[in-house]
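K.L.:
In case you want the letters, here they are:
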Amino acid sequence: MEEKYFEISAEDLKKFVDSMIKDNFEIIAPMDRDGDTFYGKIGKFDDANLDILLPKMSYKEYLLPKTETLFEYSFSGVDIDIKDGIESVEGKNRKRVIFGGRPCDAAAGPIMEKVFNWGYKDDFFNERFKNLTIVSIACEKPDDYCFCAEMQLSPESSHGSDLLLKKTGDKYSAVVVNDKGLELIASYLNLFKEIAKDEFPPDKDWKKIFEIEKAKSFLDKNFKHNYFQDRFLSCIGCGICTYTCPTCHCFDIQDEGDMKKGKRIRNWDSCQFAIFTLHTSGHNPRNTQGDRYRQRLMHKFKIYSEKFDKYLCVGCGRCSRNCPQDINIKEVVKDLTELASA
Amino acid sequence: MANIDEKLQKIARDLLESKEVSLIIGYTGGSHPQRMRPVFITKPEDVGRLSFNRHSVQDLAVFLKKQEVKKFGRIGIVVKGCDEKALNVLMQEYQVSRENIKIIGVECNGVIRQDLADKGETDLSENTVYDKCLMCGEHTPILHDYLIECADPQISMSGDIKPFAKIEELDSMSSEEKDVFWEKEFDKCIKCYACRQACPLCYCSRCIVEKNVPQWIDTNFGKIGNAQWNLIRAYHLAGRCIGCGECERACPVNIPLMLINGKMARSIHDLFGYKSGLDVDAKPVFGVFSESDFNDFIK
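Sequence order for the protein chains is A and B.
If you're matching positions, the first sequence starts at 5 in this note's numbering and goes up one per residue.
If you're matching positions, the second sequence starts at 12 in this note's numbering and goes up one per residue.
Check before you lean on any hint, since a few could be wrong.
Covered by chain A, per the in silico footprint, the following chain B stretches (three or more residues, Cβ under 8 Å) [said to hold, decoys possible]:
no.	segment
1	159 to 173
2	198 to 204
3	244 to 254
4	290 to 304
30 Å max Cα-Cα, derived DSSO-like pairs, lysine-lysine [stated by the list, open to error]:
no.	chain 1	residue 1	chain 2	residue 2
5	A	K70	B	K81
6	A	K228	B	K234
7	A	K211	A	K201
Hints in this document: simulated from the structure, not taken from any laboratory.
What you are looking at is a predicted structure, and each value in this text was computed from that prediction instead of being measured.
For every residue, glycine included, the Cβ atom is placed at its ideal position computed from N, Cα and C.
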């Protein structure tokens, strides 16, 4: 469908969210907790913190939960009963809305969708993604860790959002990107005022400090470059970068249980762990943290883009903000672009 | 501040030029003026990058467990008093040999909490430092080959702030209340194991959580799996944790891990009169047998 444009006052936006909650929508929004902000289920509009730039973690867990059951079994001694995990995927009967996320987080969904439908179609991911409606709010002030503009997005990008809001004074301008967005506001249209396309505030010109293609051209040719071993001596392999990342999606399949009952689950995993690639023989093809951080860079800025025509990074900067050793991926990628020209 | 940096750089240059060490692990400026980050210096001409200030929060002893770092052989390391206690435990446990390490001690009167520093905090006060700093008994590193005096004044204490007050609050709770408290905290755990990776004393080449024949610790993120992980880590650090707080600082979901570690340290002190990391010649508390042990089972 063609994009539609609306306006909504700050007061009506609150009514919009509170009405959705009343109508049994599950609303996930940035919420304050323990001195930080995390995405969580809000009980009312005022529970949300919409002033924060970015919650500490992304909302990836609503697409790929930290743990999910693929199937469960029980054995009575005679019969085996198997229950498919897809039956209990949440969000089937109740619509879930991510409200007040940022354009970078929204852009992550369609990027991950590629790999979860690469040959094998992952019903678990797809079922959740289908039932998720994304209402994002454009960023007014990205911080020094942000580099979405470099990642072919922008602080105002509507890519991946179903509805994008832009704050202008005490009201919001809204662009409805697709049918899902239109469907969401259909019951609350009295709160929105339709406007013409040219009344919608135009995107600013966001400056870039590097060209991501250059980083790829370095990665294409320099798998064995010393940079990786030297630069990532300070990496302790904690994996926080991957766990807080909106696009990192590696998982580990485990069986838990005994002869009588049990389940097969999949848990988040991380390429930054030494055990991730450890062979039974004891050989580890990614034996150093330099090898492992290089893998993360290769996957994000080379391999994924070659396979799926999208970089596996939205430039949110969480991996840098949360790194206990202050490894800053924006600096790293900039280094790669400079090495490419050197 | 410049004075400290100059002294650090001179020591590092001398050590590298005389080939007494092949690597210096220290701090350098980070992503913004209130952040420092580890730096690895191998050439005398690079020592100008070394710096130290009230934002030098990391415990650099963590790097001594990395294979990539170990291969440098003799290493110079910049440590605060708290970080140096980790070196003592590593030496007690035969992980690091005193001869292979040059300790560049920096006197420290506290480091500013990183969450506050990230919001621009630069003042050093009882409201801005970690709880460990308020209780610090080792402003001067116990062992050191070099010592650099502190640039910051001692923090004045009003008496209004009681470090780790929550531990006493928890002590007064019933088991059921404690269970509720910790279940809520552990529920946040995302099993990234960053607490383990950030810990200078979690050096097992294969952590129990990675052993799957049999699977000792549930891998799921449920109530049981999360509690198992966090409790087993606490037990493995009982009598060993020196309270650097790196696990809590690293935790991306803000679990108050220092409450557990602090409680363990208090219990070990009450039961055995032992404080971890203070005496490099002491036997580790769980590595000794005493005939006078008050427990019957051991006789």
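K.L.:
Each hint should be assessed against the structure and marked as holding or not.
P.N.:
How the hints compare with the structure:
no., hint, in the structure
1, 159 to 173, "violated (count 0)"
2, 198 to 204, "holds (count 4)"
3, 244 to 254, "violated (count 0)"
4, 290 to 304, "violated (count 0)"
5, K70(A) x K81(B), "violated (34 Å)"
6, K228(A) x K234(B), "violated (43 Å)"
7, K211(A) x K201(A), "holds (24 Å)"
Hints 1, 3, 4, 5, 6 from the list above are not met by this structure, while the remaining hints are.
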